[in-house]
Structures are given as C-alpha cells and as structure tokens.
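Chemist: Protein sequence lines correspond, in order, to chains F and A.
To convert, count from 1 in the first sequence and add 29; that's the working numbering.
To convert, count from 1 in the second sequence and add 1; that's the working numbering.
Keep in mind the hints are simulated off the structure, nothing from the lab.
Hints should not be assumed to be uniformly reliable.
As a list, the in silico DSSO-like pairs of lysine-lysine whose alpha-carbon atoms are at most 30 Å apart [unchecked claim]:
| id | chain 1 | residue 1 | chain 2 | residue 2 |
| --- | --- | --- | --- | --- |
| 1 | F | Lys198 | F | Lys346 |
| 2 | F | Lys346 | A | Lys134 |
| 3 | F | Lys109 | F | Lys267 |
| 4 | A | Lys49 | A | Lys35 |
| 5 | A | Lys103 | A | Lys126 |
| 6 | A | Lys49 | A | Lys103 |
| 7 | A | Lys41 | A | Lys100 |
| 8 | A | Lys100 | F | Lys198 |
| 9 | A | Lys35 | A | Lys132 |
| 10 | A | Lys35 | F | Lys229 |
| 11 | A | Lys41 | A | Lys132 |
| 12 | F | Lys402 | F | Lys263 |
| 13 | A | Lys134 | A | Lys43 |
| 14 | F | Lys229 | A | Lys134 |
| 15 | A | Lys103 | F | Lys229 |
| 16 | F | Lys358 | F | Lys266 |
| 17 | F | Lys34 | F | Lys302 |
| 18 | A | Lys134 | F | Lys198 |
| 19 | A | Lys41 | A | Lys103 |
| 20 | A | Lys132 | F | Lys229 |
| 21 | A | Lys41 | A | Lys80 |
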Amino acid sequence: MSQKKNRNVGIAGIGMTEISSHKENQNQPEMINEAVRAALADAGIALRDIDCVIHGNMELFEMVHQPDMWHVIGTGALEKPSFRITTGGTTGMTLIAAADNLVASGMYDIVMAIGFNKLQEAGSTTGGITNMADALWYRHLQTGALTSTSANVTIEEIGEERARRAAMKYRIMMDKHACLNERAHRRLGLEYDQIENLMKNSPPLIGELRLIHMCSQSDGACAMILASEEKAKKISKKPVWIRDHIAIHREETASNAYFPILSENSHRVAARKLFARNGITNPIEYFDVFEMYDPSAWWGIEWLRDFLLLDGDQVIKMVEDGEFDLDGKLPVNPSGGVTASNPISATAMLKPAEVALQMRGDAGRHQLKREVKHGLASGFGGVMWTELMILEKDLDWQGDNNG
Amino acid sequence: MAENIQKIAAEELISIQVINSIDYSFSTGPIMGKWFQGLKEKKFYATKCPSCGRTMTPPRGCCALCVVRSEDFVEVGPKGTVVNYDIAYYASPDPLTGKVRKTPYSALFVMLDGSARDIFAHEIKDDDIPKLKRGVRVRPVWNEVRTGSIHDLLYFEIDG
Numbered sequence: 030m031s032q033k034k035n036r037n038v039g040i041a042g043i044g045m046t047e048i049s050s051h052k053e054n055q056n057q058p059e060m061i062n063e064a065v066r067a068a069l070a071d072a073g074i075a076l077r078d079i080d081c082v083i084h085g086n087m088e089l090f091e092m093v094h095q096p097d098m099w100h101v102i103g104t105g106a107l108e109k110p111s112f113r114i115t116t117g118g119t120t121g122m123t124l125i126a127a128a129d130n131l132v133a134s135g136m137y138d139i140v141m142a143i144g145f146n147k148l149q150e151a152g153s154t155t156g157g158i159t160n161m162a163d164a165l166w167y168r169h170l171q172t173g174a175l176t177s178t179s180a181n182v183t184i185e186e187i188g189e190e191r192a193r194r195a196a197m198k199y200r201i202m203m204d205k206h207a208c209l210n211e212r213a214h215r216r217l218g219l220e221y222d223q224i225e226n227l228m229k230n231s232p233p234l235i236g237e238l239r240l241i242h243m244c245s246q247s248d249g250a251c252a253m254i255l256a257s258e259e260k261a262k263k264i265s266k267k268p269v270w271i272r273d274h275i276a277i278h279r280e281e282t283a284s285n286a287y288f289p290i291l292s293e294n295s296h297r298v299a300a301r302k303l304f305a306r307n308g309i310t311n312p313i314e315y316f317d318v319f320e321m322y323d324p325s326a327w328w329g330i331e332w333l334r335d336f337l338l339l340d341g342d343q344v345i346k347m348v349e350d351g352e353f354d355l356d357g358k359l360p361v362n363p364s365g366g367v368t369a370s371n372p373i374s375a376t377a378m379l380k381p382a383e384v385a386l387q388m389r390g391d392a393g394r395h396q397l398k399r400e401v402k403h404g405l406a407s408g409f410g411g412v413m414w415t416e417l418m419i420l421e422k423d424l425d426w427q428g429d430n431n432g
Numbered sequence: 002m003a004e005n006i007q008k009i010a011a012e013e014l015i016s017i018q019v020i021n022s023i024d025y026s027f028s029t030g031p032i033m034g035k036w037f038q039g040l041k042e043k044k045f046y047a048t049k050c051p052s053c054g055r056t057m058t059p060p061r062g063c064c065a066l067c068v069v070r071s072e073d074f075v076e077v078g079p080k081g082t083v084v085n086y087d088i089a090y091y092a093s094p095d096p097l098t099g100k101v102r103k104t105p106y107s108a109l110f111v112m113l114d115g116s117a118r119d120i121f122a123h124e125i126k127d128d129d130i131p132k133l134k135r136g137v138r139v140r141p142v143w144n145e146v147r148t149g150s151i152h153d154l155l156y157f158e159i160d161g
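Just chain F, with the same shape it has in the complex (with noise of 0.2 Å):
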C-alpha cells in the first residue's frame, strides 16, 4: 500500500530557465518570474488559476532573507497563500513533495512550487555550506559539501584502479548525457579516451574527489505545477502522476555521513521503504528512468547501489558495462545530473521535472527512445537527507501489485 492520499495529483506545468554560471542580466525576482511563466504557459493557465504557492531556496547562499516576501513580484504570490521550504540540497524535492501533499489533501486545487538558487550571487557556496553545519562543534571542521570519504571506501571495496576508473567513467557518461540536453550548464564534451588522463590530470579538491567529479555551482530557477486529478486533466493534455514520495532523515550530527553507524544510510532506508510499501521487486526492471540527485561522481556509483538495492560490486559492473547510458538497461540521468547543473534549491525540482518531461517526450535531444512509464526521482540535503519519489505515466497502479 502506497501512503493514503485523498485524491490523485499530477504535474500539469513544468517551467524551467536556462541553467549557467551567472546571470547578471536578470535579478532574482526576474529569474523566478522567467520559470513562473514558462510554467504557466506550459500548463495553459494564468496566476488568477494557481491557488497556492510554495517558495523554496537556501537563503545563507544569497543572504536575501525573507526570499518569499521580496521576491512576491517575481513568484505571482501576491494575495496568495504562501509558505517558504528551505531543506538543504533536498529543498527542490521538498517542494514538489510539500505541492503533492498540499493538493492530495484537498487543501488546495492547483499549486505552484518554485525552487531557485543564483549562486553567482553568493560570495562562496563552499563557505555557505561550511556554516551550515552544527556551530558548537562540526562547524571548524566541515569541508563543504566536498568530502572523499564514499571514495576512500569504494576503493577499499574494490581496489584504486578499478574504483577510481568507474568514477570517471560515471562522470563522462553523465557529460554525454548533459551534452543533448540544451539546458544543461556544463557540457564539457568529454569523451572516454580521457578517462586516465582525467583521472591523473584534474585538480584534486579533496582527497580522491577532482574538480572533474564534482558538482557545479549555477544560476536557475524551475517552477512546476501541481494540480488535482480533475484539473490536472483539464489543464494538460500530458498530466504526469506523483506516485509516493517518502523522505528519511539521518542528520543527527556531521560524523553520519561519513560513518555507517546505522547498517543502512537514508537512501537505502528510503526506497527499501519506498518500493516494499507499493509493491516493486526489481527497482532496475521497474523503472524506465531514475534521476539522481548526484552531487559528484564518487557519490554517484556509491548512493546508485543504495538506491537500487544492489550490494557488492554490481553497481560498478553496470557502471563497467554501461547499463545505466540513454539506452541502457536503466538510463540514469538523461539530464546530465547534478555534475552538470546545480541551481541548488532548484537541483533536486529539475530530478521530477526531468522525469515527467521524459513521460511526455518533450525532453527534447536527450529524450529517451524507450517508452517511459514508471520514473524514479531522488533528492539530496544535509548530511543525510533524502527524499525518494515515484513518478507514473498513466493512472494504472492502484489495486494493482507492480513491479
């Protein structure tokens, strides 16, 4: 059984800017505005249809505080309710979860959730990071968002060579894929002949992590919209169905991200619970699609076989063997993930959008040539936060046991 809902929601407007470096023509309240509209005119309707809307950034990077209040002429708010979600690296995600939650109450009809981060904005993002963390203690020592330490593991596991090799490996597999996606910030056109090249010759940030493998800071926006079945199918011709979403929190201090103090972390709690309660055996055969919240490459290859339930080395081998590429068995990130664009508190919203954009075959050169039906998003924040969404085409699962 998947959590109750009262009623069905869908995504019927997915507006989204260009993800870049910097934006200095545009303010923030014109960034968002930008998203605002594309979505509106995605959906078909006007800011006198959308009943609610949820404003979600991480206010330390731009240090604007009161975003939702300042940025009213951007987000249509105005005589509107209104709430503001900041939740980390999840904040994107928590959005979308906050707008499905707000619909399938009943609470509201059509809701408008609009995630944003203008990083260029930010003195520094690794300094922003840094003093998010616990000021009695963590705060000295936190290093950012970057740590080694998932890659001082894997190559424990499965030796320097072989590790280090499927790292890059992911991460030029994940520059092919933001290469066809016009929205992507960085498309690098790397190529696999680089791989040890890369793997000697890329700045080292930290420990075994390079700047290569690392995620971007960017400028973006993304607004999406959520309506109730009845609307949703009135608005959009292409309603695409938010499934379940569950969200695990293991952020009880610094040192949990860097130490399996519990057997599980909160991605293998999230969708061992995720897909046991509806129904899904084989989350590789299941899903057409999984967006990944997939802040460097290390963490990539690690936090995919939590994900996917898979144990030993069967992630690298399909790393190896390139399963999880456009065509393969499970294509991970047809976007380019996080390495390619990371508008922070719009990151995690671009994972649904892309997924339902993908169920509507208006991704555009990176869409995939398989049918896609069932979707998997996920989101990232904190030490160890997630959120983990299932995302449905059609209206099909209910009564029955997938999977």
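Please arrange chain A on chain F, whose structure you already have, making use of the hints.
Modeler: Quick look at chain A alone, frame taken from chain F:
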C-alpha cells in the same frame, strides 16, 4: 558620440558588492557545557544511551535512534582509531574566523577507545597527513591554554 556614451551606460550591468561581518554567540547548554569543561581537563566526556548502549561524541542529551534521554556521561579515549578522513586541497574559508585555511588540511573521523557506534571528528597533524589511512591509531595533542573550545584540542597525531 554623446549618444554612444548614453547607450553604453544604459547597457552596463551593475552588481552591488556587500561584505557581511556579524558577531554571533552560541549557548552550549548543559550537555555540551560538560563536554567543553572536559576538554579543559584533557578529557572526552561522551553520553551513553541507556537503551541501546551507544556513546555519543560530542555528547547529546537524547539518543535520536531510541528517542530516550541520555544524560549519563562516560569518559572515552583519549586514543582512538581512524575510521575515515578527508584531506582538503581546496582552500575553503573557515566560517569561524573568515580566514582562508592553509592547505592541505584534514577532517578526521575517529572511533575513540571505549566508544560505541558513534565517531568523533577533528583534524590530524599536518606532518601526519601523508601517513593517514583507515585503521591507523591516533592520540590527541592538547593546547597548552585551554578555554573550553574546539581549539583546546590542537589535533590528533599518529600513535606509535
């Protein structure tokens, strides 16, 4: 000419530069207060969960896993075993001082002797960075002047 200048002026994109510098003061509360008091005496005081038995370093007054109060202290360490580490080459700012850190520097995750199912984070001595491995034994090096802060502990060094 005048027209041209006006056109350039109209197209110029202006950014406003702001540097924030704000002083903060964070209360430790009694549990973390005991921890910082312990550091002054070169001791690590962990709390222990009465339900699952795990220790917490730095101490927390409640076990988040069992959702029970954990206000009994046990002394752990001072030596420990490295369970993971980061060696940073990227010169990130230290938000406590605003200064850019000297690189490389380390973040060290240590299982202090006598602790259970929780690790402790600090730094390793710069000279020991090349010798850092998971499983290595380390011991703390204390500051001569201890005031009850993270700087009471200078760093860990490899033991042996």
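Chemist: Okay, which hints does this one fail, numbers in order?
Modeler: 6, 8, 9 and 10
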